[in-house]
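Position chains U and G against the provided structure of chain S, taking the given hints into account.
Residue strings, one per chain:
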Amino acid sequence: MRAIARLVYSYFTSTPLTRALSVGGLVLCAASLLVLTSLPQSEHMLAVAYAGLLAFFLGSAFMPLMVGKLSRGHAARLLPHGRVKLLVSMMLTVALVALPAGLLTPFAYVAGVSGKWSDLQRNPQLLDFTINLGWVIFTSSCILAGWLYLAMYFITSQRNVAGFAKGLLVVVIIIVVPTREVNDLSATTSSNLLKLAVAWLVFGGLYLVWPRLKGAMANWRIPGLPFFGASSRTSGREVDLILGTANPWVYIAAQVVPVFIATFTGLASAAIWLYFLAIMSAVTGAVSGQAAERSRALWLRSGWSRAELFAQVEKSFWRHNSFMLGVLLLLMVGMGSYSGFPTSLLAAGLPLLILGTVLSTYLGLMITRGLGWTESLLGISIMLALMAVPLLLQAQNPNLVLVAAIEFKLLLLSLVLRIWARRRWTHIDWTQCRPSRVASARNA
Amino acid sequence: MSDPAVQASHLGKAFGTRQVLDDLSFEVAPGDVIGVLGKNGAGKTTLLELMLGFTPPTAGTVSVFGQASQQLSAGNKARVGFVPQQDELIDQLSVADQLKVIASFYPHWDGEFIDRLCGEWGVNPAARIKSLSVGERQKLSILLAFGHRPELLVLDEPVASLDPMARRQFLEQLVEASMDGNSSVIFSSHIVSDIERLANRIWILKDARLAWQGDLDSLKECVVRLHIRGGAETLEAMAISGELSRRRDGDFMTVVVRDFTPAMQADLRGRHGVDVEVESLGLEEIFLELHR
Amino acid sequence: MFILNPQSGIPIYRQLLEQVRRMVASGQLAPGAELPSVRELALKHAVNPMTVSKAYSLLEAEGLLERNRGRPMTVASRVRNTSQLSRRIEQIQPLVEQTVLAAKQLELSETELVKTVRKNWEDEDE
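Residue numbers (our numbering), protein chains in the order written: chain S, 1 to 444; chain U, 1 to 292; chain G, 1 to 126.
Chain S on its own, in the form it takes in the complex (with noise of 0.2 Å):
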């Protein structure tokens, strides 16, 4: 009980910033909690609430890589009763992640109807409804935060672009499945109860027998196969090994799948679908920001100087783009005459597509000295500007010309950046290049 308690308060209070995030988040929702039952309910009032819990569930966002880290290691295996206790710590965390969200809504919803709590007490009726809804928005907050920390885990755990993919994937399965059925308002409470009944009974009996399973897998050996785990090899040149850019099908084959999903679990709309693209187009570029720590082998064994490092790298580079971005373009016609696009969509999305590979390699590019706050805003304005095109794009006459005039201007960016990143390698200091080594750096 103790350990679990103990995981459960580590959750929430791992870093000082997630910290801030809990007990602000809980004090945003204790907030809004007073002011619904006293004041009318407002836009105002909800958006303080809606982010109360965003800051609260963020505030655990490390809840799922803990977890991981604890239970691949030598320790679940060797606290005692430790699969179990952090099993149980998860599903606390979930169920107190989930609390707000069930305990406001009865107060929202009867602000929102009647305003008046006293209301309640006259009309069992209402009362009954209110309690009910709260119980449904509880369980199926439950359910959406597994979801949200599964997606957590692959985005925190993960330090390479597959793994980054494999995220944006469930983040993918998260925007259509469960938030569809909320808002066809067709959940029920034991609908909802079962759903996470079974998918926590599957996914805790999984998680407690693994190290079992993978035990006994690790004895199999199927004749003509590679051992499980093992790595395929691929040839390339040793420009390409080293940065990681020799096997472009791996990402290929990460991005495609997320696509084929979108599209034939119904998102027809050809703009949701090129947002999509354009936020997987960016992911390729996401591989080059290891470049400049991997590209200290590089130099040590070849005669090039740095300017010579960043063209070989470069290179290297849109080598390995070109397959994503054709594969990428290909598809676009492909589903576009499928789907029957308007040609302005394909005609504004095609040069996007093109774009957003440029500029997040480029970008990537410029990561010499970790990921600090130039490249972080960068990389966030670039994502709303690619992500604003679809949108856009999704109107009924949609504005051509801003559209356009907006890529012309991303077009000027990457090139800024390129230029950019280019005097940035000229200068590199690759005790510089891990945020965590300069900071080892610091306290050696």
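By construction, these hints were calculated from the structure, which means they are not laboratory data. Backbone N, C-alpha and C fix where the C-beta goes; we use that ideal spot for every residue, glycine too. It is possible that part of the hints are untrue.
Below, a list of computed lysine-lysine pairs in the DSS-like style, where the Cα atoms sit at most 30 Å apart [what the hints assert, rightly or not]:
| id | chain 1 | residue 1 | chain 2 | residue 2 |
| --- | --- | --- | --- | --- |
| 1 | U | K39 | U | K206 |
| 2 | S | K214 | U | K206 |
| 3 | G | K104 | G | K115 |
| 4 | U | K100 | S | K69 |
| 5 | S | K69 | U | K130 |
| 6 | S | K315 | S | K409 |
| 7 | S | K195 | S | K214 |
| 8 | U | K39 | S | K214 |
| 9 | G | K119 | G | K104 |
| 10 | S | K69 | S | K214 |
| 11 | U | K100 | U | K130 |
| 12 | S | K69 | S | K195 |
Which residues of chain S face chain U? A partial, calculated answer using Cβ under 7 Å [claimed, not checked]:
| id | residue |
| --- | --- |
| 13 | R2 |
| 14 | A3 |
| 15 | R6 |
| 16 | S14 |
| 17 | F62 |
| 18 | M66 |
| 19 | G73 |
| 20 | H74 |
| 21 | A75 |
| 22 | R77 |
| 23 | L78 |
| 24 | L79 |
| 25 | G215 |
This is chains U and G only, laid out in the frame that chain S set:
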């Protein structure tokens, strides 16, 4: 003899076609300090993992405190401490938080003891684990295994990244821990001098088997280098039992043997009429000779 | 008090044995003198306490040391004389072997060596 802390019988582990460990049988008595030596890839880590049930054996059995390793009860888990080769710390937490999380799983955790060691070893409880140096991370990993005062301590290269002073402090702690005569320690290390100080028994892993398992003292008395002087032909023709290697230069020869007894010296002198001097070897040399 | 070399080919317990014997024989450790406790010695030299225990137990069996309840081991007050001589000869044996070996390497005869030893003995007495 009281019940052994660890017992293995014909233990084996294979990964696919690769036989990493083959037919190992051993016992760890309470109070033993066992040093495990072996070349890189000899299977030291695998052996330690098999012992604690992290991976199932492909042959034979191994048990801890009388219970099969794969089915350790929670009570027995609380009597075991493990320091892995790669640390498994949670970077986001502070040192104090990490300690508290692990401590919460154990019914008996000696907080004062750990606080004192943090002070002596220079580990700052308020520091973020992400910002710790490699040595500090290793110290923390060791502390995490000490806190619940385990009766069986298993360490996989625990001091590879520590400076000599930190290593000495760690050794002193192990000495303290083994004072009661009840705790057993099994540790694998490349730093032979540490093992030489602390271990009373040595296991040498070679070619998937235990090339030696026995007292360190006996090992030093059995594996010796003989300096033999005599006629060149006599030396050349001499057959010595348990010989590991020989080097001859004219009428002077050195031979390393693995099963020396004092009687052997007199025997060689008598039988071949040669001069025999005995040189005892340190553990590192013994290890090198056994791998020649 | 003791010099222990864990890296030596001579087991630690044996080093301790020989040093204690020598010190008792030379009078450096007088009868009744207290030896460091097992814990003290083990911590100071960072060696396994069982090694120290083993040496102390063997010395106790030889009659050189006495165990006192609750207090550290002390040198025995009555050291048995009969075993003394052979023990003392055993102590000096390695040194004698080394000297003989060196003499042979330098191609000195036995008589010459004995003469040198005698001269040294007489010089010491003066």
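Against the earlier hints, flag every one the structure doesn't satisfy and list their numbers going up. Violated: none.
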